[in-house]
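Asks: Residue strings, one per chain:
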Amino acid sequence: MSIRERLSGNEAIAYAMRQIEPDVFAAFPITPSTEIPQYFAQYVANGQVSTQYVTVESEHSSMSTCVGAAAAGARAVTATSSCGLAFMYEMLYVAASARLPITLACVNRTLTGPININNDHSDSMGARDSGWLQIYAENNQEAYDNYLQAMRISEDPRVRLPIMICQDGFITSHAVENILLEEDAAVKRFVGEYKPEHYLLKHENPLAVGPYDTCPYCMEHKVQQAEAMKAAKQVVLEVAADFERTFGRKYGFFECYEMEDAQVALVLIGSTAGTAKACIRNLRAQGVKAGLVKLRVFRPFPMEELAAALSHVKAVAVMDKCEGNSGCGGPLFAETCAACYDLPVRPMLINVVYGLAGRDCRVEDVERVYRHLLKMAETGVTGPRYLHMGQRSNAEEVL
Amino acid sequence: MAYNHKKELSKPERFVGGHRLCAGCGAGIVCRAMTRALDEGDRAVICNATGCLEVSSFLYPYTAWEDSYIHSAFENAAATCGGVEAAYKALKKKGRVQDNYKFLTIGGDGGTYDIGFQSLSGAMERGHDMVYFCYDNEAYMNTGIQRSSSTPRFASATTSPAGTASTGKTQEKKDLTAILAAHRIPYVAQTTFLGNFKDFHEKAHRAIYTPGPAFVNVLAPCPRGWQYSPELLPELCRLAVETCVWPLFEVVEGRWMLSYEPRKKLPVTEFMKLQGRFKHCFQPGNEWILEAAQQYVDEKWEELLAKCRG
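Those protein sequence lines, which keep their order, are chains F and Z. According to the working numbering, the first sequence is numbered sequentially starting from 2. According to the working numbering, the second sequence is numbered sequentially starting from -12.
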């Protein structure tokens, strides 16, 4: 039986961690993910978990601790945000290349420069090519459910890659929402034990991890890693199917909201989906055929599936909560354009960068984007493709 | 039990041939001697910082290590080892690991004194049951002999070269062993390769079998960086000790103890003159360098004696 509760996103993650009881948890505090190690410390202090809780002196060391622990044969987890994730950057690649299924709860916060503690996706998007799986949540329920699925995906022998479970800082991490929790025993049964094939502490044979990988071998290892990321797509769907069978909530690569007959659509990630859905309901009441694709799985990127979901739409705005600094758009835009390239008839595509450093995105802001898309669909003119939402500016490229 | 060199050397090697370290390099000697200090039957996981040792002892698909081994990066060997040790505790409690394991970390002075200093300090403070061995060759040798905070004053390195307007490195060597002692961890020691390795062996064994964190700093000469002929390695270690450039001591639970006091302290020039990195110090007009070097060693030695007298 599910348990009805009211929890913040951070509490939901900590709750899931308590239920799973990983072998090792290493973390260093950073806003807005700090509450996760705090809640967990209390579980340790109350004797509710047998986890080795390592209070490291930096995020670089928390990921290094996880690398050592996972290589030794333990299930290792951490949590962080923003600069904490950036400080781990070197070790993210090490974890992925050593094929260590570490779980990282990422509470998305803008990356410093200038310093700001609020939400956008620049932290995890910066790590998008590090070899980690990335799953994003719209709300606390999804953050909890994604965390329960994380280890099943990343520890699968076909994958063996680390995984980031992302949620929007403050918007979901600190807002208390209704949530359905699952019973401890049911969670433990669903997640199961971590049983690696090879590990440092294995009785039968010692193991060497982290070689200097010479030219005749290194590329083969990188290709194996790339193949694992490809294989992860199937595993994500299998675990989601089992999750639905077990707990009744359905997940996929993305959620299509009012997409069947949509003429205009948004593609976005995270909590803004709730705002967009409210906007769509208003627009639909006015007869506007607006739809939304809320991306859940960014790595591996569901290229063909996303293209198929957008194939019948006239105009699409890809909403990046992250600046690309490429001069031509954000990362989700680049991936979505690439996905749509092979469609026989492509939708008109624009990029709207929004919500940086916690800038609020309201229903009326989203509506402006839909209105802009409707104009594009009507006139057949795409216009500027790289736009920024709600700026104090007289520049033309403003939404 | 008294140290028996022959018996210790008859144990199976745990760091074996086939590695690609230079002839006359101290790092491989540290590895053989530190793993020899493990009791037979005890298993070990070796954690290694990036450096000469890592790229010479574990080149895929070959390893010179008989024990489990992990290298993850340059600045985090201690944190990585802490993770392995935490995993051991968790898995042991669950009954998934039965064997007894010891956790040995090894890094050069770059990975220990400098880039890995924070990670080392953190792991020691947290109290992981592990030993950190530093093979201190007094510069960043793997990248081509750049100065480190461990490089002694006046040594010429590629980023602190001697020249017409330079007398080599301008700063004194960081006293890392004292800094680790200031962490008040259960065991800290300084050693090098001497005679029948009694000093090294006993300190390594004590470090490994003292519960909690321990740190052993080993002066480990580098023939490329110090510019000496490989066969001079034991002589350089002996002279480092006899000149008091590298005193041998232990700090047990905060108590400082001298391991060896030279009957007649040799002048520091005896140690310096065998090494190319100090060659410029012996040029006419640079007599002040030799005086300053001697004065520094004398002061540090007196300081140490005072600590040991308590």
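Treat the hints with caution; some may be incorrect.
[Claimed, not checked] Some but not every residue of chain Z turned toward chain F, in silico, with C-beta under 8 angstroms:
1. Y47
2. D54
3. A66
4. V71
5. A73
6. G82
7. Q85
8. I102
9. F104
10. S106
11. G114
12. R296
Read the hints as simulated data drawn from the structure, not as lab findings. Glycine included, C-beta positions come from ideal geometry on N, C-alpha and C.
Asks: A separate judgement is required for each hint: does it hold in the structure or not?
Replies: The hints, checked one at a time:
The interface hint given for Z:Y47 is met, as the beta carbon of that residue sits about 4 angstroms from the closest beta carbon of chain F, less than 8 angstroms. A cut of 8 angstroms between beta carbons decides the hint on Z:D54: the least distance to chain F is about 6 angstroms, and the hint holds. Evaluation of the Z:A66 hint against chain F yields a held restraint, the C-beta minimum of about 4 angstroms falling below 8 angstroms. For Z:V71, the interface hint holds, since its Cβ comes within 8 angstroms of a Cβ in chain F; the closest pair sits about 4 angstroms apart.
The beta carbon of Z:A73 comes within 4 angstroms of a beta carbon in chain F, closer than 8 angstroms, and the hint placing it at the interface holds. With its C-beta approaching chain F no nearer than about 12 angstroms, Z:G82 sits outside the 8 angstroms limit, and its interface hint is violated. Below 8 angstroms, beta-carbon pairs count as interface contacts, and Z:Q85 has one with chain F at about 7 angstroms; its hint therefore holds. Among the interface hints, the one on Z:I102 is violated; its C-beta lies about 11 angstroms from the nearest C-beta in chain F, farther than the 8 angstroms criterion.
Interface restraint check for Z:F104: the shortest CB-CB distance to chain F comes to about 11 angstroms, outside 8 angstroms, so the restraint is violated. The interface hint given for Z:S106 holds, since its Cβ lies 5 angstroms from the closest Cβ of chain F, which is under the 8 angstroms cut-off. Nearest Cβ of chain F to the Cβ of Z:G114: about 11 angstroms, over the 8 angstroms cut. The hint is violated. With a cut of 8 angstroms, the hint placing Z:R296 at the interface with chain F is violated, because the nearest CB-to-CB distance is about 34 angstroms.
When held up to the earlier numbered hints, the structure conflicts with 6, 8, 9, 11 and 12 and fits the remainder.
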